[in-house]
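Visitor: What follows is the residue order along each chain.
Protein chains: 4
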Amino acid sequence: MKKTVIGITVVGKDREGIVAAFTNFVFENGGNIEKINQNVIKGLFGMYLEASFTKTVDVEKFDSGIQLLSKIEKMDVSTHHETNAEKNIAIMVTKEPLCLETILEASKKKTLNGIISIIIGTEKTLEPIAKKAKIPFVVLEETNQEKAEEKIIAICKKYEIDLIVLARYMKILSPNFVWRYPNRIINIHPSLLPAFPGALAYAQAYERGTKIVGVTSHYVTENLDQGPIIFQDSFKVDPNDTLEEIKAKGQKLEADTLLKAVKMHLENKLEVRWRKVHVKSK
Amino acid sequence: MKKTVIGITVVGKDREGIVAAFTNFVFENGGNIEKINQNVIKGLFGMYLEASFTKTVDVEKFDSGIQLLSKIEKMDVSTHHETNAEKNIAIMVTKEPLCLETILEASKKKTLNGIISIIIGTEKTLEPIAKKAKIPFVVLEETNQEKAEEKIIAICKKYEIDLIVLARYMKILSPNFVWRYPNRIINIHPSLLPAFPGALAYAQAYERGTKIVGVTSHYVTENLDQGPIIFQDSFKVDPNDTLEEIKAKGQKLEADTLLKAVKMHLENKLEVRWRKVHVKSK
Amino acid sequence: MKKTVIGITVVGKDREGIVAAFTNFVFENGGNIEKINQNVIKGLFGMYLEASFTKTVDVEKFDSGIQLLSKIEKMDVSTHHETNAEKNIAIMVTKEPLCLETILEASKKKTLNGIISIIIGTEKTLEPIAKKAKIPFVVLEETNQEKAEEKIIAICKKYEIDLIVLARYMKILSPNFVWRYPNRIINIHPSLLPAFPGALAYAQAYERGTKIVGVTSHYVTENLDQGPIIFQDSFKVDPNDTLEEIKAKGQKLEADTLLKAVKMHLENKLEVRWRKVHVKSK
Amino acid sequence: MKKTVIGITVVGKDREGIVAAFTNFVFENGGNIEKINQNVIKGLFGMYLEASFTKTVDVEKFDSGIQLLSKIEKMDVSTHHETNAEKNIAIMVTKEPLCLETILEASKKKTLNGIISIIIGTEKTLEPIAKKAKIPFVVLEETNQEKAEEKIIAICKKYEIDLIVLARYMKILSPNFVWRYPNRIINIHPSLLPAFPGALAYAQAYERGTKIVGVTSHYVTENLDQGPIIFQDSFKVDPNDTLEEIKAKGQKLEADTLLKAVKMHLENKLEVRWRKVHVKSK
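Residue numbers (my numbering), protein chains in the order written: chain A, 2 to 283; chain B, 2 to 283; chain C, 2 to 283; chain D, 2 to 283.
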C-alpha cells in the first residue's frame, strides 16, 4: 500500500513554540516527519512540513484538527496531498503574451492535466487574450505589494488553486505569499540561472558577449531567482546577432520551457529533493 | 523551573526516514521540538534540532538512547546542553599571530570562562607561541581536506571541545565538519561582511577606495562568510593610507573583535535566533 | 603658472576613427592627454579626456573648434574647465524629503558654493518643498527612460548645470546620460558600498543581521553603485533595533553625508584619480 | 593598401604625464590612436594603445624610438604587430592533463599555426607529457607570486612568446603580468561564465542543480574570469548524473573549446572590440 503523504504549510507571526505545536500534532496523529523546513523573515514565520502516514489516515479529520490548532495558534495553515485529480491553475502575467498564449494553446488542445481557472495581470494589456480564451481575468489595481498579494491569496483560495504559473509576471512576490505555495509556483526566467538573475537578463548577456543564451524554469522560493531549477534550455549566439534577435529567440524558448515544466508538474512527474528537481522515473 | 534544552546534531549519509527517526525519538522521550534545521550537500545529511523538556529529563539516559539509535541509523550524533561549567576551547590558526596571542593573553589573565585545550595549525609557524603558553600544538600535515578534517574531529572528541575559534585560520571547512558544531565555531573575517567576503579583503577594500574598513566576528555555517554575525567594528580610512597601514589597524581590530565574541560566547550571553545573534539581556 | 586643464566628453554612436579624430584635435591644439577613458555600451560610444596645456590656450577658440569637429563627426561634445565661479546645481529627487531639505537649508544659510537652479522629480511629492524655497521644479512625466533622459539633458543644458545631485532619486540613469557628466553626478546610497548595492539596502542589512549600518556618497558612473566613493559614514545597530529605527538613523546620516560631499565638490576639493576620490590637501 | 596597426603596452609605476608621453610619441610619428585603455591598480600603471599608420611606417625605427622613451620614462614597453608568421606559444599548466594533451596532439598533427615553445607548470605532475612531446618544461618553484611571475615574464621574453595558453593553470595572474599580454592570454573556465566564476565550478553547478553545464574560453584581463568570451559550449545534465560524470564530460569539452579558441587566435581570426570577441568574416 502506498503511504499517504500530507504537506502542511504554516505561515504567521513568529513566536516560540510554533514548531513544537505543529510537530506534536503530527506525531499525535500518527504521522512521521519526512521533511521540515522553516524560515523567519522580518518576524514572519513560514514552515513547510511533509508527514507520511503508514496507517490509514482520515484526511478530513486531520484537516479539521489542524485547522482548529491553527486558530488556537493564530497561524494560517493549509494542507495539500497529491492526487491524480485535475489541478486548478492560476496564470500570472504582465505584458508579454507568448508564454500565456502557449499555455492557453496547450490547454485548448487538452494536453494539460489541469484547468486554467483564472489569469491575474499587473496591467490590462493581456486581458483580450484571456477574454478570447473565455477565462476570467483580474487586474491588480492595488500598487501596495502587501494588499495586492492579499488579493491574490483571496483569489487563489476562491478558485482552490493548486498551481500558480508566472508567465513573465514582472513583480516580486514576498515570502508571505511564496511560503503558502511551496513547490507550487513555477516561474520562467530569461537566462541560464544563476547567471544574470535580474530583470534585464538578455541585455546583460548581450552586453557581456556570452556565446550561449538560455532560459530557466524553476519553482519559486523566497530567494528571488534561486528556487529549484526544473528545466533549462539554450541556444548559441553570434556577436553579430542583435539584441532584438536574441530576445525573439529567447521568448520562443521561454514559452516552450515553461510549458514543459507546467505539464510535467501537472502530471506529478516532478519531485523536489534538497533544492534539486528530479523527474520521476515513474 | 527552567526547562532543559538539548541540542542534537545528526550528520551522515542522506537517506529517507532520518528526520522521522530522530524526531520520533525526541517525541517518545517527552521532548518538544523548538528548532529544527536540515540540509543536504553532495549526499551528506546534516540536521540540528533543539528539544525542550518541561518534565525532568534523565539526560544520561536520553544520551545513551540516542547513541543507540545513531548506531542503528548509521549516523554520527552528538548532543549538547548549556552548562555553566568551563568550556574546552580549540583554537585553529595558520600563520598570523595577533588573534592567537590576544586570546592567550586573556586566558592568562583569567578573563576567559574556558580552558584552551589545544591549538591546531595548518603549518608550524605559530608553534612557538603555543609552546610558550604550554598548550599542545598539532600541525595538520594532511593536505587532503577530508582526512585533515577527520583528524580535527578526532582531536575535538579527544579534548571534548565545546568551542572552536578560528583565529585567522586560512582554510575552508566542509559542511561535514561545520554541521557537527552548530553555533560553536567562531571566525573573524577582515571586512564588514557581506562586503568583501573573500581571502583578500583589505586589498579589495583598499582598491575599491572604501572610506570605512572593518572586521566581523561570526558563527561559521556551511556557507562561507555568511554565518550569523556576532560583532562588527570599523575605522575610517583616508585615500592616502597605505594598504600596510590599513592592515595593521585591521589586525588589531580583528583580535579585539574576535576576543569579545569568544568571551561573550563562553559566558553564554549569545543566542542565535533565525540567523541573527542576540546578546542576552541576562 | 598653473596649467590649464580642459575636460572633454564625447558621446555618440560608436564607429572607427572617433578616438583618433578627437585625440588628433587635442594634439594639434598643443594639448597633452593626461587622462583618457572610453567605453562602448550597446553601440553607444563615450569618451572622457583631460588635456593639459602648458602654453596659454584660447579656451573659446578651442571650444568652437571642437564643436565644429563634433558636427563633422556627429558626436555630442562638451568641454569643462575648473573655475572658482559659483556652480549651477540640479537636484534630482523622488519622494524622500530629508536629503533635499538638508541641501536647501545649507543653500539658504549660504554655505554652498553654488546655486540650486532646478529640482527635477520623478513625481510631484516634493514639489511643495521646491516651491517654498522658490526654486523651479520639473516633473518627469515621461515614463520612457530614453525620452525622460533627453528631457533632463535639455534642462541641464538650459540651466548650464555643472553638478547634478541625486538626493534619493530612485531611477537608474543610462550611460548616455551619465557619460555626459563624468565625476559631476553625486549620489547617496543607503549602505556601506559595496555591501547591499540594490534598492532595499536597509532591509537587507537588517535581515542579514549586520551590526554596523552606513551610507555612501559617490560619483555616478555607468556601473550602478560602483562609482568612486566620496564619503562613507556608519552607526552601530543592535539586533533589537527595528527596521524603522535603522531607517530613521540612516536617513539622517544620508542627508549629512550627501551634503558634505556636495560642499566639498563645489569647493573644488575633490579629485578622482583612478576611481578613488582624494580630498585635496589645498 | 592595408594600414599598419601597432599595439603598444606600457606597464610601470604610475605617475603623472605617462599617458601624454606615449600618446605624444605616437602622434609625432604619424600615428592615429584607434584604441586606448589604461588602468591603475595598487600604484601600477598599465596602458594598451593601438595606433594606425596610413603612411608607410618604419616599424624598426618606431620600436627603437619607443624603447628609448621607455627608458627615459622608466616604464616597460612592448610593441606588437599582427603578422602571418608562425606564433610562439607558451602553455601554462597545473595538474590536469587533458587540455595540454589535446593541444599537443593538434600540434603534432600540424593543425596549429604556431610553435609550442615552452610548457610552464606550477608543479611537476605534467612534466612527463612535455618530455614525451620533446618540449621544454619549467616548474615554478617560487611560491611568492611576484617572483614567480617575474620568472614567467623572463621565460616569455626569452622564447619571444606571442600567445600564452592557460590549460587548466590553477593560479591567479596579477595585473602586472596580464597587462603585458593584452588579448594574448587564453584561458579555459569550467562553467558558462558569468555563472560560477570561482575555482569549484562543476561542484557548484552540480550543487545548484543546473540542467545545463558548460565551459568558456576567454581572453584574460585583470578581472578574474571576466575577460572577453571567445567560445562557449554546453551539455545537458540530469539530476541523476554524478559529479564525476559531469566533470568527465566537462573536461572533454574544455579541451575542445580551448583548442578551438587557440586555433582561431593563431589564424588571426579573432578580434576584440569593446570586450566582445568577433570572429572575422575574412
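Quick caveat, the hints were computed from the structure, so don't treat them as lab data. Predicted, not measured: the structure shown is a model, and the values here were computed from it. Just to be clear, a hint being listed does not mean it is correct.
Note: identical chains are not told apart, hence a pair may lie in one copy or across any two.
Listed below are the simulated DSS-like cross-link pairs for lysine-lysine, each with C-alpha atoms no more than 30 Å apart in a straight line [stated by the list, open to error]:
| id | residue 1 | residue 2 |
| --- | --- | --- |
| 1 | K270 | K135 |
| 2 | K43 | K4 |
| 3 | K72 | K36 |
| 4 | K152 | K96 |
| 5 | K56 | K109 |
| 6 | K43 | K250 |
| 7 | K43 | K281 |
| 8 | K14 | K159 |
| 9 | K148 | K250 |
| 10 | K261 | K43 |
| 11 | K109 | K281 |
| 12 | K148 | K248 |
| 13 | K14 | K4 |
| 14 | K250 | K277 |
| 15 | K14 | K250 |
| 16 | K62 | K4 |
| 17 | K75 | K148 |
| 18 | K261 | K237 |
| 19 | K4 | K109 |
| 20 | K56 | K36 |
| 21 | K125 | K135 |
| 22 | K270 | K43 |
| 23 | K96 | K36 |
| 24 | K277 | K14 |
Visitor: All the hints need checking, so say for each whether the structure fits it.
Guide: Quick rundown of the hints versus the structure:
no.	hint	in the structure
1	K270 / K135	within (29 Å within a copy, 56 Å between copies)
2	K43 / K4	between (37 Å within a copy, 27 Å between copies)
3	K72 / K36	both (24 Å within a copy, 22 Å between copies)
4	K152 / K96	both (20 Å within a copy, 26 Å between copies)
5	K56 / K109	neither (41 Å within a copy, 61 Å between copies)
6	K43 / K250	between (40 Å within a copy, 19 Å between copies)
7	K43 / K281	between (36 Å within a copy, 20 Å between copies)
8	K14 / K159	within (24 Å within a copy, 43 Å between copies)
9	K148 / K250	between (36 Å within a copy, 27 Å between copies)
10	K261 / K43	between (35 Å within a copy, 27 Å between copies)
11	K109 / K281	within (26 Å within a copy, 47 Å between copies)
12	K148 / K248	between (33 Å within a copy, 22 Å between copies)
13	K14 / K4	between (32 Å within a copy, 24 Å between copies)
14	K250 / K277	both (27 Å within a copy, 20 Å between copies)
15	K14 / K250	between (44 Å within a copy, 26 Å between copies)
16	K62 / K4	within (17 Å within a copy, 33 Å between copies)
17	K75 / K148	within (20 Å within a copy, 49 Å between copies)
18	K261 / K237	both (21 Å within a copy, 16 Å between copies)
19	K4 / K109	neither (35 Å within a copy, 60 Å between copies)
20	K56 / K36	both (18 Å within a copy, 27 Å between copies)
21	K125 / K135	within (15 Å within a copy, 40 Å between copies)
22	K270 / K43	between (35 Å within a copy, 23 Å between copies)
23	K96 / K36	neither (38 Å within a copy, 42 Å between copies)
24	K277 / K14	both (29 Å within a copy, 17 Å between copies)
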